[in-house]
Every structure is written in structure tokens, then in C-alpha cells.
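**Q** So the chains spell out like this:
There are 4 protein chains.
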Amino acid sequence: MGSDTENSEHRSGETNPGEAERFAVLTSELATIGRQFYERGWVLGTSGNFSAVISRDPMRLAITSTGLDKGALDASSFIEMDEGASVVRGTGKPSAEALLHVAIVRVLGAGAVLHTHSVWSTVLSGANATNRGVEIRGYEMLKGLEGVRTHEHREWLPILENSQDMSELSERVTQLLRENPKLHGFLLGKHGLYTWGANLREAKRHVEIFEFLMEVVVRARSLA
Amino acid sequence: MGSDTENSEHRSGETNPGEAERFAVLTSELATIGRQFYERGWVLGTSGNFSAVISRDPMRLAITSTGLDKGALDASSFIEMDEGASVVRGTGKPSAEALLHVAIVRVLGAGAVLHTHSVWSTVLSGANATNRGVEIRGYEMLKGLEGVRTHEHREWLPILENSQDMSELSERVTQLLRENPKLHGFLLGKHGLYTWGANLREAKRHVEIFEFLMEVVVRARSLA
Amino acid sequence: MGSDTENSEHRSGETNPGEAERFAVLTSELATIGRQFYERGWVLGTSGNFSAVISRDPMRLAITSTGLDKGALDASSFIEMDEGASVVRGTGKPSAEALLHVAIVRVLGAGAVLHTHSVWSTVLSGANATNRGVEIRGYEMLKGLEGVRTHEHREWLPILENSQDMSELSERVTQLLRENPKLHGFLLGKHGLYTWGANLREAKRHVEIFEFLMEVVVRARSLA
Amino acid sequence: MGSDTENSEHRSGETNPGEAERFAVLTSELATIGRQFYERGWVLGTSGNFSAVISRDPMRLAITSTGLDKGALDASSFIEMDEGASVVRGTGKPSAEALLHVAIVRVLGAGAVLHTHSVWSTVLSGANATNRGVEIRGYEMLKGLEGVRTHEHREWLPILENSQDMSELSERVTQLLRENPKLHGFLLGKHGLYTWGANLREAKRHVEIFEFLMEVVVRARSLA
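In the order they appear, the protein sequences are chains F, U, Z and D. As numbered in this note's numbering, residues 1 to 224 make up the first sequence, in order. As numbered in this note's numbering, residues 1 to 224 make up the second sequence, in order. As numbered in this note's numbering, residues 1 to 224 make up the third sequence, in order. As numbered in this note's numbering, residues 1 to 224 make up the fourth sequence, in order.
Watch out, some of these pointers could steer you wrong.
Heads up, the list lumps identical chains together, so a pair's fine if it works in one copy or across two of them.
[What the hints assert, rightly or not] Cut-off 20 Å, straight-line C-alpha distance, at most; resulting in silico cross-link-like pairs (DMTMM-like, lysine to aspartate or glutamate): (1) K143 / E161; (2) K93 / D82; (3) K93 / E146; (4) K143 / D69; (5) K143 / E168; (6) K143 / D165; (7) K93 / E202; (8) K182 / E168.
In case anyone wonders, no lab produced these hints; they're calculated from the structure. As the structure is a prediction and not an experimental result, all values here were calculated from the model.
Given only the sequences and the hints, what does the whole structure look like? Please build it.
**A** Written out as C-alpha cells, the structure is:
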């Protein structure tokens, strides 16, 4: 209890008591965030998935089980998995896109990864696919992205082609993030948003920032 | 109690205790779903109707009574009916469109049928009536439809001409579904969506998927 | 208690105990409806007003006091007034538009009058003012309007020029309704919707129907 | 307790017991308003900030601490500051834009200042920046702005160029308000709305009025 789980030695086949506690705390927070996103229509129809880092060495992530109604998330909706996406706690199967979460955590050291699937991200990623991304600039709301200090910032939001081959896609994500370590998120074409943060609070803020900005970008174009 | 109501012999004028239990459970779930849909504006003004199969032989459906405010559904808002839409439990009149529910259950073996009446389905079915349907493809969200494994799937969402003659309309629905047993839903022109599932959970998911996709399709066109 | 307040003789300066009861019941229902409309954004910024008939002879209406936040309505938010809009119960001033409520009740015998002030009614009444109204037809949702039996119905939703002179405006409303007793509602230009019903339940349903249809009409035009 | 804090002598380093009470009452009201605005999507991603005047001489404002999730505001989310934006009660840092609140309170004598950051204000201020403002007229909803008596009123909503230099920006705001003391609000370009009132209730009403009107203006243009 209370020991620093991140530096503790991992014994295969066992789990650390600190880990169980962190799992409980993080999944409770993830469930609350997920229900809020569902209310806003950002994760309808079992879409979306959410994870948070329990420990880094060995890598342990709490992540939503696949195929759940995000309006009814509770602690039992999550499993704990290792970096190969094998379940080490809880029952269920991790989200199909679990490897993308692992890639983001591994390359950027993120503490939490949130994937939403809103109307605006779907429309925007469908309309801009040929440009392979959208530049967003001039908006005060950009300052909500970690490290951004001025509305004059130019945020590049890449759009990756969607795929059902998760190991292929996680390689493309890995490459994208290695080449662009300052990104705050990316879109999968006609699919949705991936964003992350040092912790859950930051990742949640990034979801709200991007969802807001994507709606603004689409509405501003309709007006123009 | 606990006997298999689906295979039990039906004695005219009686109801089975297992049936009463199933009726109570299913109508409680239907009421919750209906109130959620009302919150989202999908069943305003007493529009919409919802059913779930209690038993198949004889066919018994729990279905909303006609003319109710879907924001205030509770157990008393439902009746149990047979395949001729005659009430066998509860007080009230089944929804005018009860025969469409029966047709869907009979042809496809659905376990639940949900009809929503949203702004997006009304706008989309009004704009596409001359094509007799809308093809939706390329969206990850399609994978939320039962049996769909890839975003490359092409979902045909037929639009039937609206009618006030429910036996004529239920025949057209029957014919449509017999010829296209892989459909996941259809629209009535300037009216709304019918979708279904093996059970209520699946049917609810299908509503969310289609409502999402219809909004995306209309918004994407406005942008184009 | 329980006496028929509608036929009781009115003694000036007194109120009937049955009236007090009806006032309590109706204002509780009006408050609930008002808070729901506020949640939907239909009566922001103290806009909107709601009334219900307590008795007809003498005419007594429960009506919102002027200038209140509709998200915080309770019993104290209403007064009882006579047909001259003078307060006979409660403290506060009736809504500035009280005379329009009286006109609707008097000409059509309505039991409840609801005025909402949504974005869609404001946009639609601004865009169509030169036509003095909007015809809405072909929508299944029209069947939610009392007495309408088919989606083929053509509903004329008149738009009256807005005014701050309430006696002049109530005369125009009176004339409109005398000449068109089958109307279900009307718009004030760049202002909002008035609709009504035999009772509160029907009036609330009419609000939902019209708000839905106005959004559909505006969105369908954007698409066209 | 109950002494008139606004006229009491200020002793540096001390706080007045009446002040502590007013701080508690006002921050409770501010927190409620903030959570409501968050629900409506007007202050996502830690955007937005809210203040209310505790005393005028010396000037004391309760204001949101910087960087908070507005969906989770409570009493601890606020600090009390003086006119130089130095904290005199509570822990935390005032919002970066604290000096704008001070400028509005000082020039206009406002009792509360609310800054929202909605999609509509961002789109509208982006589209109209070259005009340095938007004229809004003809809408009944304008009457919700303090002192406006008719829908024929013309409200000028200025758009100031956004900046990260808060003392420069607060000087521009001061000059704007001195030259236009009848304004009810202003926009910062691609940033959001500032509005105010004699008290919190009035300021909240003004937010709802402007947010409504901005959505109407943008939607009406899309239709035209």
C-alpha cells in the first residue's frame, strides 16, 4: 500500500497491492469521464475507448473492455493489461484499439489516452482526408493544449487513414508520434480523435479542446 | 417462475408467470431507454415507440401504449400484445405502428424493435426520398451494426414512403425485409427510423449508430 | 374543496378554495415544464411565459410572473390573474404578454398557453417574415397536433409582426384566431412561438411538435 | 456580520467578517452558474472565468482560480483579489484575464463579470473581425439586456483583437468602455464573450441573451 508502484519490481503472475489501488482510483475516474462524454454524444453506440497508466515498468494500463455502452461505465467495465495488450486484471477483452493506446504511452510517455468518436471529428476527418490533416490556428482555445502559450500557435491535427489491422495502424501511429513528438492528438479518417495527457485531467481537457475546435472549424467553413 | 416461457404452451385467456416477470424486466429497460432518447430529442411530442419480445410461440411483445410522453415512461406505459396487436396484459392501446414491430420480429426474428423520430432522420429521409434510400459507407461507426467487421462496409438504409394505412405499410415492410434480410434498419419518409436487434441492448446500440451516422451524412453534405 | 370552480359564482375580492388547489396543481406542472424547456434552451434569459386556466367564469389564469429565470421556476414564480391581467393571487407582475394569453384562451377556449423563444423559431420567423407565415406539410410529426390524422396535413404557421404594444398585438392575435380557429400556433417575428392546448399536456406536446418541425424546416433548407 | 462592507474602512492585511460571508455566498452562486454553463458547452476545457464584486472600496472581487475544470467548481475554486489582481483570500492564482474583470468593474461599476467561450462566439468573432463588431437588431431577445425596452434596439457587440498581453488588453477594454458606457458586452476575436451586470443574476441573464443571439445570427446567415 502506498509504495511507489512505478519503480517496484514486477514479478510475473503477481500484481502489486499499490497497483490494485491505482487501478481502482483510475477506473473510477475513467468511468466518470466516459459517462460525461457519452452525455455529450462523443462516444455513442459503444464507440470510444479510454485508458490510464497504472505503472510504466512494467507497463500496465487500465483500459475499457471492448463493446461496452459508455453511458453505463463502472469499475467492472475496465481491465488491466500489459504492453502486449494481454489482460492481467479483471475480466473482458481490451478494446480492439488497445495497441494504439500502448503506442501513444510508449512513444510520448503519456499518462492517459482518450479516444472519442464525435460527429464533428467524423465530419472533419472525412472532409480533410486528402490533406492528411487540418491546421488549426488563431484560436484562444488552443491555449488549453499543454505547452501552448498563445492563440497564434499553429496546431497540426494529422489524419491517418483508418484501418482494421491494428498492428499495422499502431506502427503508423508510432512512426507519426516519433516524427512529431509535439502533437497533442490525431484523427483517424471518418473515425475519431485520439488525444492524451500527462494525466487523466490533462487528457480530458485535451478532448474538450479538440472537440470544441473541430466543431468551430466545421461551422466556420459552413458560414464562409 | 423461471420456466422457459418461449416454449410453454399457450392457453388462451391465461398468461404465464414467467411472462409477467419478463414483461416487468423488459418494460423497465424499455422505459429507461425511452427516457434517454427523449432527453436527446429523438422522441419528442409522443413520437417514437419501443418493443421487446417476451415470447415467440405464442408471440408476445411488450410495447409502448400509444400517445405517451416518452420523457415520463414507466411500467404502466406499456402493454403486452399478441401478433395481431391485441392487448393481453395491461391497459391502453398499442402504438398505431404495432404491426410494423410484429413484421420485423416475425421476418427477422428480432428480440427488440425501436422507432425513433429525430430531426436528422426526418431531414435525411425528406432529402433522399427520390433515391429510395441512402448508402452509408466508409465510417468506422458502421462497425457498431451487428455483424459488420470493417468501416469499408456499405450499409443501405432504405426509405419507405410514409403511410397511415398500417396493414399496407406492414406488408411493404415484410416484403422489404424478406428481400433484404441483412438490413439493420429503414426509414419512413419524413417520419423516422426503425431499427432492431437480437435484444434490447443491441437495438439501443443500433439506434445510436444510425442517429450518429444520419447526422454525419447530413452535416457532411452541408459542408460539401 | 372539490366544488366545480368553473361554474361557481365569483365574489369580487374573494377566491374560491377549489381555485387555490387548482392554482397549486397547475403551477407545479407549469414549473416542471418550464424547467424542462429551459434545459433545452427554449426559454433562455427570462424569455418565454406559460399559463393555464384555473376557471373560465370568471376567467382566472395561472401565469408566470415577469422577468424570471425559467431554470428556477417554483410555485412562487406564478400569479393568478383575471381577464384584464390584474393579479388576484400571489405577488409579482404578470408577464408583459399576459393579454396574448387571455386572447388565446378567450377566442379558442384553450386550457393552457405556452410561449417559447428558441433559436429555431427566431431564425425561421426572421427568414419568412415577408411571407407572413410558413406552411409545414408532409411530416409525420404533424400528427402530434390535436385533430391532425395524416402526415399529408398542411399546417399554416402564421408570423405576426412583433410589437411592444400589447393591446394592439392582442387585438391582432384575436382577429387572427377568429379568422383561423383551426390554427395550432403562431410565431411573432424574430421573437418566438405561441401554442396552446385543451390542457397543459396537450400544450406541452404542441411546443415539442412545433420546435421539432421548425428545426427540421430550417435544416432542410440549409441542405437544399 | 451584516455590517456594510462596501463602506467599511480597509485595513491592509485584514479581511472583514462581512466580506468572508459575501465571499461564501457569491462563490457558491458563481460555482452553480459555472457548472450550468459547462453543461451547455460554453466553458469547455478550463476556458471561461467568472467574478463578482465583494466590496468596492477597497475593491475586492471573488474570481475563479486559473486553469480549472468548470464542470467541477466549488467554493475552493475561487480566490478573492484586490484591484491589482493580488490574492487576499484563498489559495490559487486568479484567471490570467483578471485585469479585464477589474477594468469592467472599475469603468462601469458592474457587480459581476462573466466570460464564456462558446462555439458560436468563437465562430462569430472569427467571421466578423474585419468589421470590428456585429450589430444585432430587431430581435425580441434584446429586451433581456438591461435597459433595453424594444426589439427595435440596435446592440453593437464590439470585437477586440485578441492578445496575450493582459495589461495592454485591459487598457483597450478600459478605453472601449469609457467611450461606449452603454455596451452590454464585447467579444475577443476567436476567443469569446465578456458580459456583466449590476449583479450576478443580471450578468447570467446577459450571457444567455448574447449566447442565444450569437447562435441566431450565425444560423440566420447560413440560411441566407
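**Q** Each hint needs a verdict: does it hold in this structure or not?
**A** Taking the hints in turn, this is what the structure says about them:
1. K143 / E161: So K143 and E161 pass the 20 Å test across copies only (16 Å; inside, 28 Å).
2. K93 / D82: Cα proximity of K93 and D82: one copy only (12 Å, versus 39 Å across).
3. K93 / E146: Answer is between; shortest inter-copy Cα gap is 18 Å, intra-copy 32 Å.
4. K143 / D69: Only across copies: K143 and D69 sit 14 Å apart there, 32 Å inside one copy, limit 20 Å.
5. K143 / E168: This pair counts as between: shortest inter-copy Cα distance 19 Å, intra-copy 33 Å.
6. K143 / D165: Classified as between; 14 Å across copies, 34 Å inside a copy.
7. K93 / E202: between (26 Å within a copy, 18 Å between copies)
8. K182 / E168: For K182 and E168, neither the intra-copy (22 Å) nor the inter-copy (30 Å) Cα distance is at most 20 Å.
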